[in-house]
Amino acid sequence: MSAGGPLLEVRDLAVRVRESEGPRLVRDVSFEIAAGERLALVGESGSGKSTVAKALVQLDRTVEVSGSVRFDGRELVGARPGDLRRVRGSGIAMIFQDPMTALNPVRRVLDQVAEPLVIRGVPRREARRLAVAMLDRLGVADAARRAHDYPTAFSGGMRQRVVMAAALVGGPRLLVADEPTTALDVRVQEQVLDLIEEQSRELGLAVLLITHDLGIVAGLADRVAVMRSGALVETRPVDELFADPHHPYTRGLLESVPRIDAAPGQRLRTVADAVDDTRESADA
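Note that UniProt numbering numbers the sequence shown so that position 109 is 109, with each residue one more than the last.
It is possible that some hints are incorrect.
Stated by the list, open to error - Only pairs whose alpha carbons sit at most 25 Å apart, straight line, appear in this in silico DMTMM-like list of lysine to aspartate or glutamate:
(1) K54 x E19
(2) K54 x E240
(3) K54 x E44
(4) K54 x E234
(5) K54 x E115
(6) K54 x D178
(7) K54 x E75
(8) K54 x D213
(9) K54 x E21
(10) K54 x E9
(11) K54 x E64
(12) K54 x D28
(13) K54 x D222
(14) K54 x D98
(15) K54 x E32
(16) K54 x E197
(17) K54 x D83
(18) K54 x D12
(19) K54 x D72
Note that these hints are calculated values from the structure, not bench results.
Go ahead and model the full structure; you've got the sequences and the hints to work with.
This is the structure we're talking about:
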């Protein structure tokens with residue numbers, strides 16, 4: 001952590017469906033992210049990763065958030081709507097899972113990328129200039145012309161670059177990337193991850209990467225936080241976690257990743273296999 005303390009500090013975060021006495025969707029989640037640091041939040045589908053992401057800036061109005069989320073020293077849980085709007089985009093920006101649905105198909109790309117700046121009061125002409133510059137920075141060829149196209153004219157990989165441009169154009173300090181490669185093929189996945197790493201390094205941007213795919217974590221993250229059933233079970237530096245996972249669930253996640261050197265026909269281990277092995281060893 002930097003001498004000035006963490007950029008994002010989450011303590012005892014809990015999320016529950018509003019007006020419900022049912023179980024909490026997320027409970028007792030605590031972690032920190034320093035300026036410029038990249039933290040991966042991993043776990044199976046349904047473990048609560050995306051719920052945590054949305055809770056940071058309270059995007060889901062159907063749930064009740066408790067605990068503490070401090071961004072740059074400011075408490076966000078219980079903050080006024082106007083204060084939250086000022087943090088969204090300019091402080092914390094998000095990339096959502098599917099670039100095919102994250103963009104409005106009937107609005108030109110230029111207007112969608114410029115919109116966060118226009119909302120903040122930047123003159124429309126200047127906002128559009130900055131939008132084109134960001135599209136160009138993120139590798140959209142002939143950005144000044146392509147910006148006037150609709151999203152349907154872009155490939156999946158190019159749409160994800162447009163989504164990133166809309167997230168980064170406001171100059172945020174923390175980027176929350178929620179499964180940013182889910183709908184993309186392997187080659188484009190690599191390009192998008194390289195782009196996130198490059199922008200983090202060049203802009204000093206902190207990143208919270210949310211993924212179920214441990215295969216994409218090693219080359220991007222500094223630390224890894226593992227979620228299971230709405231709670232964190234392990235948070236470690238990435239090299240230490242891959243070399244010596246402490247929790248049985250983490251070992252199960254790592255062992256369930258397909259290996260290129262596996263024998264043909266060899267059965268792929270599941271997370272449950274690793275957890276069961278640990279129980280059997282304890283019983284013995």
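These are the hints, each one checked on the structure:
no., hint, in the structure
1, K54 x E19, "19 Å, holds"
2, K54 x E240, "28 Å, violated"
3, K54 x E44, "17 Å, holds"
4, K54 x E234, "21 Å, holds"
5, K54 x E115, "20 Å, holds"
6, K54 x D178, "9 Å, holds"
7, K54 x E75, "15 Å, holds"
8, K54 x D213, "20 Å, holds"
9, K54 x E21, "21 Å, holds"
10, K54 x E9, "15 Å, holds"
11, K54 x E64, "11 Å, holds"
12, K54 x D28, "16 Å, holds"
13, K54 x D222, "22 Å, holds"
14, K54 x D98, "15 Å, holds"
15, K54 x E32, "16 Å, holds"
16, K54 x E197, "22 Å, holds"
17, K54 x D83, "16 Å, holds"
18, K54 x D12, "16 Å, holds"
19, K54 x D72, "18 Å, holds"
The structure does not agree with numbered hint 2 stated previously, though it agrees with all others.
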